[in-house]
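K.L.:
Residue-level listing of the chains:
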Amino acid sequence: MRPQRTRRGHLASRHVTGWLLAAPLAVVLLAFLVLPIIMIVVVSFWTATEFSIVPAFSWENYEFLLGSDVTWRVLLNTAKYAVVTWAITVVLGFTVAYFLAFHVRSQTWQTALFLLCTIPFWTSNIIRMISWIPFLGREGLANSALLSWGVIDEPLDWLLFSDFSVILAFVHLYTLFMVVPIFNTMMRIDRTLIEAANDAGASGFQTLWNVVLPLTRPGIMIGTIFVITLVMGDFITVRFMSGSQSANVGRLIQNDIGLLQYPSASATSVLLLIVTLMVIGILLRLVDIRKEL
Amino acid sequence: MRTGQDLELIHLTKRYGDTVAVDDVSYLFRGGSYVCLLGPSGCGKTSTLRMIAGHETASQGSIVLCGTEVTGLPPAKRGTAMMFQSYALFPHLTVRDNVAFSLKMKGVDQAVRHKRAGELLELVDMTRYADRLPSQLSGGQQQRVALARALVTNPQVLLLDEPLSALDPFLRVRMRTELKKLQRELGISFIHVTHGQDEALALADEIVLMNNARIEQAGPAREIFNAPRTEFVARFMGGHNVVALPQGRFALRADSVRLAQNGTEAVVRAVEYQGGHVALTARLAGDQEILALIPEGDFYADPKSPGDAVRLAWDEGRLHRLQA
Amino acid sequence: MRTGQDLELIHLTKRYGDTVAVDDVSYLFRGGSYVCLLGPSGCGKTSTLRMIAGHETASQGSIVLCGTEVTGLPPAKRGTAMMFQSYALFPHLTVRDNVAFSLKMKGVDQAVRHKRAGELLELVDMTRYADRLPSQLSGGQQQRVALARALVTNPQVLLLDEPLSALDPFLRVRMRTELKKLQRELGISFIHVTHGQDEALALADEIVLMNNARIEQAGPAREIFNAPRTEFVARFMGGHNVVALPQGRFALRADSVRLAQNGTEAVVRAVEYQGGHVALTARLAGDQEILALIPEGDFYADPKSPGDAVRLAWDEGRLHRLQA
Amino acid sequence: QEIKDITLRQFGTGVSNLNEVAQKVKEDLGFTLEMTALDSDAVTQRAATQPDSFDIADIEYWIAKKVWPTGNLQAMDTSKIANYDKIVGIFRNGKLTPDSTIAQGTAPHTVGFTSGPGGTDFVAEESGWMTLIPTIYNADTLGIRPDLIGRPIESWAELLNPEFKGKASLLDISSIGIMDAAMVCEAMGEIQYGDKGNMTTDEIDRTMAIMTEAKRAGQFRSFWKTFDESVNLMSSGEVVIQSMWSPAITAVKSRGIPCVYQPLKEGYRSWGGGIGLSSSLDGMALDAAYEYINWYLSGWVGGFLMRQGYYSAVPETSKTFMTANEWGYWFEGKQAVEPITNPFGDVLAQAGEVRDGGSFEERMGKVACWNSVMDENQYMVRKWNEFIAA
Amino acid sequence: MNPRPRSFYVLAAIFGLFLLFLYGPTITIAILSFQGPEGGLTFPMRGVSLHWFRDLFQEQAVGDIWGSFGRSFVLGLMVMVTTVVVSVMGGLAFRKRFKGSAVLFQLVIASLVIPSILVSLGVGLIFSQAGLPVHWASSGFGAQLTWTVPFGLLIMFAVFNRFNPAYEEAARDQGATAWQTIRHVVLPIIAPSLLGVALFGFTLSYDEFARTLLTAGSRNTLPLEIYGMTTNVTTPVIFALGTLTTVFSFVVIGAFLLTLGAASRRRAKAGSDAGRAV
Ligand SMILES: Nc1ncnc2c1ncn2[C@@H]1O[C@H](COP(=O)(O)OP(=O)(O)OP(=O)(O)O)[C@@H](O)[C@H]1O
Ligand SMILES: Nc1ncnc2c1ncn2[C@@H]1O[C@H](COP(=O)(O)OP(=O)(O)OP(=O)(O)O)[C@@H](O)[C@H]1O
Ligand SMILES: [Mg+2]
Ligand SMILES: [Mg+2]
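Chains as they are written, first to last, in the numbering used here: chain A, 1 to 293; chain B, 1001 to 1324; chain C, 2001 to 2324; chain D, 3001 to 3390; chain E, 4001 to 4278.
One or more hints might be untrue.
Coverage of chain A stretches by chain D, computed from C-beta distances (three or more under 8 Å per stretch; other residues unrestricted) [to be verified]:
no., region
1, 78-92
2, 136-150
3, 153-166
4, 246-254
5, 259-272
To spell it out: a stretch of chain C is covered by chain B in this simulated footprint if at least three of its residues, at any positions, have a beta carbon under 8 Å from a beta carbon of chain B; those stretches are [to be verified]:
no., region
6, 2086-2097
7, 2163-2170
8, 2218-2225
9, 2231-2241
10, 2280-2291
Read the hints as simulated data drawn from the structure, not as lab findings. Ideal placement from N, C-alpha and C gives every residue a C-beta, glycine not left out.
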């Protein structure tokens, strides 16, 4: 250690150690994120035969993609799933987080209830997805329960293989991604603010609306980012739960991949990427993730 | 001398599981007075205050304000208002909206509530900052906003939990003057929790000194300082020596002890300069420690250092007998 | 009167981007003395201390300890040790392991380092608690552990950043006595950052009063209190009035002002009881406010209330001319 | 290196990638066969893009049309295949019997041979170099739940019968699904196809238009993509009529749920599978692979698969591994004389029952078209996507 | 303690329903896994037995559950360890606010939000174009990291936002080197959060489907295997697997909570007279 280290030397070392520490992260992201994305963009300009991809520049994929009204319909459908799922998860997630943060008093219980929520996720998603059929199907648990309670006379068809079931599965899968960031933000709300509101005569609901909700906004934003991206990128849930009857962008991509149409899949991917990044870009303007964690 | 504005605690008790935080406390807070709840950490000050405010339910006993029993009422229905220790300003609302918050909750029109908020900001001299967010204010400014917010509901009693502890010492002294002035102007009761005896002495018409979940002594500030009932009070208020004599235990004010030619022999243990005075701690024979508060001029005429032998004297008349 | 143990700051400057936190400060801390760095919030006390400790690099200037330039050395190589404001005890280590931490880092045997840690815990009277975790200690106990940990490296200078601010007032007074005693026993320098002038007066052999990133005045505690160089010093140290007279501005100690039959006319603004004294604020003609510190006995012989007309008097000799 | 140290990695769909086969290989041949089951998309994708990740590809003939030109597979010398001559005609010259007509679509023999080692083309005649060795094949038709339908079903057109609104299903693998759709449209008399296995864009448009209309009207409960999905749809009663694979029907039946493989007057849609060798296979491993192929055709596997309702490429050899009762029931379409069980011991038919669709000749002789890859494949895929998104 | 308000019971009921909803499939799975040998994947139940649990430990007609479970488990551990290491290092790096950290942060966010299938497709393409063999432990591993590492990093941000830098300064003051500071002070203090990151990394990897789909190579991970198994008749054996997984998770988490409880009780005991003296 030199006794007279200059200020510059110190500064430089900060950047150097910073990069050294960040190197593994940078390598992972570069190799498995940046390069693949570049590859996708490049391939999206190639053409394909039945069985292989031809590295020749062409606008063909985009021409078709942007020219087809299927693209737009599917995009719209994707957006619909994202928005509806978001709306439900935000309400549900907020409620659950609110309960855990403000009504469960001991930290041990909070942890325990949280873990209880995560246990179903240890069972493979595919298995859980398959099990929705016996749960929601015509002869499934839900229908037989409703029938036996006399709520309905005939099994409900729309419980399964419908937009309802798709959204249901999304909500099932992703609500927790909303709960966690909202809970995290709520735990950082100073409890005396609630008392102050109480003191000012606010009812429980007024406190919720005027104090808790505004202060939870960053958490909601982060949860929104998770849910929106997860739903937009999904392909397996839509396929299983709609009985292959509806499509989202992810399914278009997967279909193309299945048929070895990589350039076309890449073009669709680029479209999805742009849309996703735009949405997230807007959301990120509303919240500083790093500060809010 | 009861008035219509009195606040009375009747056999008030608060338990948290096994801990008894407030133990069967009865007290009458006279309307329009500045009362300090004083005591060491954990003695139950905050619990008492929060029960009065309605943020904590009483385990037993009742609270009567202006002749009405308020024990079971929600905070906003009691005629009390609370100013929180860290102010608890809503970070997402401007100063004006913070002050107008309770009016908004009542459904008061925006124009009306802004006008009223303006008046209160005027009162605490914060009109200029009405559009700022709390995070853009200094500690002292935040405190004034909190004050305005608490006062907007026209409470009969304002409850303050360590309102000055977040301020630096300089500001603390300034703000306490303002608090006192405001209380006098408004003519309502302030109940102020603190664990600083200097703060309590400076502010309070009446001090309620708590210890171990009970009231140890209550009365006007001077009475508490000059006539401590127990050793605990004497020690806690500071500036006192507790002297054990054959007749019993006595409190002896440190400023009544002087260095003298003929007095009890002692050895200096520590010397602390305190501006106008010097606090000299000395040990008498028999391990009794005595604190003498000596005017600066007198001390430096013949300065002493730890280890020096001195003689200490006091008037017998200054000894105040302690009951416990 | 330099000794081998001196700590010298030479044209020390610290910039954070555009803010200048410490501006070209030069000062000689004499070895073995208790120095308080005093000043209002944001004046650069912490920055100075952290540069001395080596936790912050100096933007300019140098630091010399015991004749060695230490400006570029890492904290542990400087012969300084730091006690942090919130103590920064390692929460996962027992008290003993906290104290022995630096020895462990040096690769000292467990037996040896436990023995040494035991000695230091003995010194701060914490032997009983050696196996506890920091979270199981009270504030004052934590502080002693932090002290023991800082001292285990045998530093020449101990740096303390607001060591007493996390304690309640009762404990604060007790701990400051202990700090002072310890410093005297060890004979090393303590540099203690505080923004409480009472704390500084009570503890310091020497006070360095900072303002706006510079040293405003430095010297023995009494000198600072009795001979403030500037209005800022007089106001900050408290207990002073600043009087504007045709000849210039003067500092006038509040305890030199008395109520008299023939004196300047004034109106009482506020009265604060302070135990032995009463602080009376009055306004002279011309909007000048004067604070008078009146012995309790004198005041209550003829008590005044806000609004009363009084006459104030002081000896001309007590006026101390201010340079700025 | 000994043969028992060799490991061959085989992948395919779960239809034929059965662990019992691997076990038997270990017993009979001594080397290890590692089986990986994938869904049909992943099978194509892996065969076409990851030649190093397998030694043996178990794929379908129509997929071969896509995969073979990549050069990821190597041609097989028929002279090294003992039972080559006994392979049924379908896979050699396209004819089941010398006077059969060749069905529409990608008939296996059209993609079964290449010009020689290293060839990436297809040749029409038996060149001595095979692309895939045929393993199993079958003819598919509609599966129905007779208990829930309660009347005879005779035509593909019934799939779009409004009577089954919300209770019909179709296969969502575009190349296969469109064939079924075409069978339906043709049966309805709406469209007359030149070649259902190689439609014109106009034919594709019209087919999809009819299907889209039906979909919008709520005809379909669901589409299915994997074997298992079709079984679940049928056995849970979600669907009463759907295009289905013969063994899937068998699987539904084995749970005691009535389900019929319904022969229809328009004939069957057929498919065949085969195994191909990775081009990176050589030396001893290649020898082992040939050994495996010869073993495969030698009868045990054939019998094993036949008992599940598939047909073996070399029925003659399978016969020796089946009882007369089994052979009669599965192959000859005769009444069972004793209960028929699948290889896992589940009873599929009682004495006296006959197999739906009858004998081998009756079934395979009435193939209307083969699963195929069309010239307008890309166009068709896009239209199919539109249909799904509709 | 104040009595619970009415809203508590309403919210508790909602939470209960939410739990029921979360466990809906799990419960269905549990019920159906106890069917008799004739059982299928759907209702009505066909008999009651432990047949499928026994069957789970025998070879299946198709696929290799335990082999793929083993791979998923190993991959999960690899991802877990790497995630912890990379995100701790990353978390430490970001505290230094080095040049270019903003860009790297954007990348981290991008990695989090980019649809999984794109990563799968892209990594698959890269490997195939570069002629590298795809393998679950190389390309599959990497593809999963693009998901787990950003998550881990976000957790580390949260942790370091709350981490008092005075601890590190104290350590440095005590003569600890940079490495010793991390080893003896930072890591032990953040250890509980690391446990969280590890658990998270493992879970995300263990159940990852999309990112592994095109990157797993010749051998399947468990989710792919289960998916592959659906190309033949799948039996309630996968439900038995699900039930067993759930039971196992309950045991693990129960043990975890018990340890936590025991630790805090032990601590409470040791410190029972804290605050009395001084
Ligand atoms: N929510 C609670 N649960 C359990 N015990 C509590 C709770 N709040 C306070 N206590 C206990 O009750 C006693 C009195 O607490 P209280 O907060 O009223 O003291 P305080 O006088 O305000 O102290 P401080 O000066 O430290 O604020 C303490 O022993 C405390 O530990
Ligand atoms: N890390 C930093 N980055 C930027 N500015 C800083 C930083 N640390 C301190 N400052 C600024 O430098 C000035 C001096 O800060 P310093 O912490 O030394 O003050 P202080 O005298 O210790 O105040 P306090 O009594 O509030 O602790 C302040 O204006 C502060 O805002
Ligand atoms: Mg309190
Ligand atoms: Mg500071």
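K.L.:
Does each hint hold? Answer for all of them.
P.N.:
We went through each hint and held it up to the structure:
no.: 1; hint: 78-92; verdict: violated (count 0)
no.: 2; hint: 136-150; verdict: holds (count 4)
no.: 3; hint: 153-166; verdict: holds (count 3)
no.: 4; hint: 246-254; verdict: holds (count 5)
no.: 5; hint: 259-272; verdict: holds (count 3)
no.: 6; hint: 2086-2097; verdict: violated (count 0)
no.: 7; hint: 2163-2170; verdict: holds (count 3)
no.: 8; hint: 2218-2225; verdict: holds (count 3)
no.: 9; hint: 2231-2241; verdict: holds (count 4)
no.: 10; hint: 2280-2291; verdict: violated (count 1)
In this structure, the earlier hints numbered 1, 6 and 10 are contradicted, and the remaining ones agree with it.
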